[in-house]
Amino acid sequence: MNDRMQEIPWIDGRLVNENRNKYPTEELRKYAGQYVAWSLDGSCILASGSDELEMEKHLQEMGIDPSKVIGEYIPPSDLSVIGGFFSE
Amino acid sequence: MVRPRPLIEVLLIGPTNSRLRTALLDTGADDTIFPESLAFLIGIDLTVAPAGSNANPSVGSVPLRYATVTFRLTDGRERREWVATIGFTPTRLVYPVLGFAGFLQFFTATFFGDREEVELSVNGSYPGT
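Protein chains in written order, with my numbering: chain W, 14 to 101; chain A, 13 to 141.
The set of hints was computed from the structure by calculation and includes no laboratory data.
Note that the structure is a prediction, hence the values are computed from the model and not measured.
Check the hints yourself; a few may be wrong.
Label-pair restraints from in silico Cβ distances [said to hold, decoys possible]:
| id | chain 1 | residue 1 | chain 2 | residue 2 | range |
| --- | --- | --- | --- | --- | --- |
| 1 | A | Thr-122 | W | Ile-95 | 20 to 30 Å |
| 2 | A | Ser-73 | W | Gly-76 | 33 to 43 Å |
| 3 | W | Arg-42 | A | Ser-65 | 32 to 42 Å |
| 4 | A | Gly-55 | W | Met-75 | 14 to 24 Å |
| 5 | A | Thr-122 | W | Glu-74 | 21 to 31 Å |
All C-beta atoms in this analysis are idealised placements derived from N, C-alpha and C, irrespective of residue type, glycine included.
Next up, chain A with everything else stripped away, as it sits in the complex:
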């Protein structure tokens, strides 16, 4: 069975490299979370990063280390780029999570369930270009 999910492609830019990933929009997530392996690939040193945790209904407490990245997002018409602090976790992810902090806080998100589409529009908090 194919399950429709609100997935979008985002580019993360770190100190030495960048990676494009398909990630899950999650309005129930306080944090934006990517795997620690990605931090390594884009040149982020997590050994000195501030630590925290996120409570998740599936796996319990999820350890996080926070670092700053640059996000890029486009639908072919608008181009958006902004700097955000996000969490990186060693816990295995099905998808990276685009939660409130660093991502959804900057957008108005409209989910069209019947069309299986989501629309993101920048809001007054958006800090980027």
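Just chain W, same shape as in the assembly:
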């Protein structure tokens, strides 16, 4: 367990946010409604899918370790989020 813990990356949240904020909004809109995998520095999107599991499947097909990306849902721009849940 200790060896595995040492292999798990620490990411720089501040850097991730800075890079992700630079990502072109028009490009990000293409992923609206999808689950994306950001690179560990937040600078690019490596894969996407309709949900978390499909995104991971695509990562594995590309030979990318799913534990070495940042998973995020990209909501539609007109969605108002309350408490992290979709409205029924």
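For chain W, the structure is supplied; the task is to place chain A on it using the hints.
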């Protein structure tokens, strides 16, 4: 329209694997909640996990099963790691929710609305390193 939200990247470590996710800080949430699919990915067996529910204004009652994870969080300067019991739900989430139990209870959170930034500082309850 781009809506600013208090989102941060957190690492969840389970028995067999780990995953990084962007999650929503929610001061109105009693629980910290992630999707059940993530529990599966990091090796948590929810079949024997204690169950509960959370009342949500958007979707009503949200079923939860609770399990222990290790959280990791860093801003590139400070590194924080702690063990917490959180809820996993089959209900579809826009974002995982970082609520009071297991997360915000260990931090003083300051929301700078004009800068669209949030600052987290560990408090006296913080149990980790």
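Hints and how they fare:
1. Against the hinted window of 20 to 30 Å, the Cβ-Cβ separation of Thr-122/A and Ile-95/W comes to about 22 Å, which satisfies the hint.
2. In this structure, Ser-73/A and Gly-76/W meet the distance hint of 33 to 43 Å, their C-beta atoms being roughly 41 Å apart.
3. Distance hint check: the CB atoms of Arg-42/W and Ser-65/A are about 35 Å apart, consistent with the given range 32 to 42 Å.
4. The hinted range of 14 to 24 Å is satisfied by Gly-55/A and Met-75/W, whose Cβ atoms lie roughly 23 Å apart.
5. Checked against the hint of 21 to 31 Å, the C-beta distance between Thr-122/A and Glu-74/W comes to roughly 42 Å, which is inconsistent with it.
Of the numbered hints stated above, the single one contradicted by the structure is hint 5.
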